[in-house]
Amino acid sequence: MVEERRILYEHLDVPDINTFDVFRQYDGYTRFEKAIAEYQPEEIAKMVLDSGLKGRGGAGFSTGEKWSFVPRDIEPRYLCCNADESEPGTFSNRYVLEKNPHLLIEGILICCYAMGIETTYVYIRGEFTLGKKMLDAAIKEAYEKGYLGKDVRGTGLNIDIYTHPGAGAYICGEETGLIESLEGKRGQPRNKPPFPAVEGVFRKPTVVQNVETLCNLPFIVGNGVEWYTQMGPTYADTRFDPPKPDANTGTKLYCISGDVNEPGVYELDLGLTCTELIEVAGGLRGEEVKAVIPGGSSAPILTHYELDTRLDFTSLTLAKSMLGSGGIIVMNETRNIVDCLLNIMKFYAHESCGQCTPCRWGTPWVRDIVQRIADGDGRKDTITRPKFGVAENGRWGDTGETEEIYEDLDLLESVANNIANVDTMTWNTICVFGIAVSWPAVSYMRKFRPEFEAAIREGKLVTLPVAEATIPPEENYAYQQRFIPKEFADL
Amino acid sequence: MSDELVQIETPFAFNEENQREFDELIGRYPIKEAAMLPTLHIAQRQAGYITPAVMKYVAEQLDVTVMKVKDVVTFYPMFFEEPVGEYVIRVCHTLPCALRDCKVVLDHLKAKLDTDIASETNLAKGTTADGKFTLMKVECLASCDVAPVIMINDDLYKNLTPEKVDEILDNL
Ligand SMILES: Cc1cc2nc3c(=O)[nH]c(=O)nc-3n(C[C@H](O)[C@H](O)[C@H](O)COP(=O)(O)O)c2cc1C
Ligand code: SF4
Ligand code: FES
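Just so you know, the sequences run in chain order A and B. Counting from 22, one number per residue, gives the positions in the first sequence under our numbering. Counting from 36, one number per residue, gives the positions in the second sequence under our numbering.
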């Protein structure tokens, strides 16, 4: 059985670790001191790049690379720590804020030192009252001990951290939505480019980083890049000559919820499989796994055929899904996928910020179609048309056969794909919320099509046995990787 | 919003403690407007909900138009434009909580408080006749490991069952 490897969470349950003195006993702030004593800022940035650390907030973008886009000649520069944590199924940042806030402060200090940043805003979702209180108290202590404020520890650095409360809007987790919200406006995402690294909050270069990402920094500096890169798999990206290393290094705070016996946060090396993770989380509650959502509700669903998929950035991209925020939701054989999709679509319809027409209108439309199907009023009229699938030449196309279609399922796919097209990965919206809507909508429907068809045919929700609810991958184009370059395929 | 309308309301101003908090807050940002959300949180804590008079006051403090404040208030679900109960009960109903039977908790609360569920545009619908409770549904509260969860004002309650809900409400 896979062992937990607690690094970020190692001292989480130590009594009073939220106080400076106890944190200090467990090497607190020594990694920051090491950074300023032994390294130049550029060297820290290089270490972070070499460590292969990828952002833990959702996009999985290389942190070191993001830092390299920040123009160093424009002052001031800002750091925004993203503690908005509102992706359904994600709850790892909350524990850091509530139990070990000094670790986050140390991570912020290292980032500020590396990037020459003097002001940090920690954007905390409005519902985290306890987390904000604990972090505020820790910040106050750090000021008193001279780790924040003017001339930090006699180094000449000036570093300030302020917490900023959100007010219940999911879209403020998107980095430019967060920036707009921080500026005191509606949290409506901006068009990109310019990216925040170049023009962010108050129109100045801004690094936006998730809590978990920042908490990795003390350990990278403290234990070195070599130690860090030993954890988790590094693949070879053969699109480059010579092949470029594609790192999935470090540990991940996997949040697992739903039908498992011991839901919770488990810190494990990146790259274990779904089956292994379910085992770590006390095993399945129920008889059989029906489906797994691997990266928060925005991620395309995995079926029982895909349980050996490794939960890391590269493997999940290849499986046409994503690691996202690392929120894993497990569903057992009693769950109805139509019903689950309805729940998720209600969430998105509620949270669209309303700027872009396809998202503002499309998302409630998708919700209404799923609602109709769940209510048993799905449009039944079936017509016969040429069947598309894997044709004789092995490519996607007309198979020469005919099939019956269900009007509402086609409509669902069409509306969702017009918000953001999951096959071509192009979107008609300002932010990738659009993809976050159409990914679940299309993937649930394609992969669990028999259950959707049954609901329409029978005029009520029908929960099929696991084996009948999904179509084997060979026969289902939902599993086909159309936008991923072939070279990646046999990792 | 015309001035005339605003005048009908009792005027609003921060009390001493909140004024101090606001003064400290405003120094954190290079532009005053950026203090909007924390300022509105303070104002709502003091006034109970965001009245036109509150909006006018906040606008003056931050050197922006009242319309801009209204714009923000209407965007964020945590700001109320109508009175709410002394205890605001937020029931999470997103997927992980739904998989753990949050509906049972919600139905129990509805029956026990004898009220409907508030909607964002009609908070009165979910407020009990005595004005003590407001019941509303919210999206994932980032505590899915201890689902189903509810928040009562600032406090989170975990792993709920109808019995636990009874106990919590009795102890309020
Ligand atoms: C709709 C949407 C919601 C998001 N919500 C969050 C969130 O709650 N927390 C978070 O850290 N990142 C969230 N992100 C990702 C951020 O945009 C951004 O990529 C991230 O904060 C960057 O930090 P990282 O590189 O450290 O992950 C969201 C993105 C989108 C499109
Ligand atoms: S895609 Fe949706 S959430 Fe994103 S900016 Fe457009 S309307 Fe807003
Ligand atoms: S779904 Fe209820 S806390 Fe996440």
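FYI, nobody ran anything at the bench for these hints, they're computed from the structure. Just so it is clear, the structure is predicted and the values come from calculations on it, not from any experiment. In this text, a Cβ means the ideal position worked out from N, Cα and C, and glycines have one as well. One or more of the hints may lead you astray.
Claimed, not checked - Simulated DEER-style distance windows between Cβ atoms: (1) ASP329(A) with LYS160(B): 47 to 53 angstroms; (2) THR100(B) with GLU247(A): 53 to 59 angstroms; (3) ASP98(B) with TYR326(A): 36 to 42 angstroms; (4) VAL43(A) with ASN53(B): 45 to 51 angstroms.
Said to hold, decoys possible - With a cut-off of at most 30 angstroms between alpha-carbon atoms, the simulated DSSO-like pairs for lysine-lysine come out as follows: (5) LYS154(A) with LYS167(B); (6) LYS167(B) with LYS145(B); (7) LYS367(A) with LYS138(B).
Claimed, not checked - A short, non-exhaustive set of chain B residues, derived as facing chain A with CB atoms under 7 angstroms: (8) ALA82; (9) TYR111; (10) LEU134; (11) ASP136; (12) ALA177; (13) SER178; (14) CYS179.
Hint check:
no.	hint	in the structure
1	ASP329(A) with LYS160(B): 47 to 53 angstroms	holds, 49 angstroms
2	THR100(B) with GLU247(A): 53 to 59 angstroms	holds, 56 angstroms
3	ASP98(B) with TYR326(A): 36 to 42 angstroms	violated, 59 angstroms
4	VAL43(A) with ASN53(B): 45 to 51 angstroms	violated, 33 angstroms
5	LYS154(A) with LYS167(B)	holds, 26 angstroms
6	LYS167(B) with LYS145(B)	holds, 14 angstroms
7	LYS367(A) with LYS138(B)	holds, 15 angstroms
8	ALA82	violated, 15 angstroms
9	TYR111	holds, 3 angstroms
10	LEU134	holds, 5 angstroms
11	ASP136	violated, 12 angstroms
12	ALA177	holds, 4 angstroms
13	SER178	holds, 6 angstroms
14	CYS179	holds, 4 angstroms
Figure legend: structure checked against the earlier numbered hints; hints not met, in rising order: 3, 4, 8 and 11.
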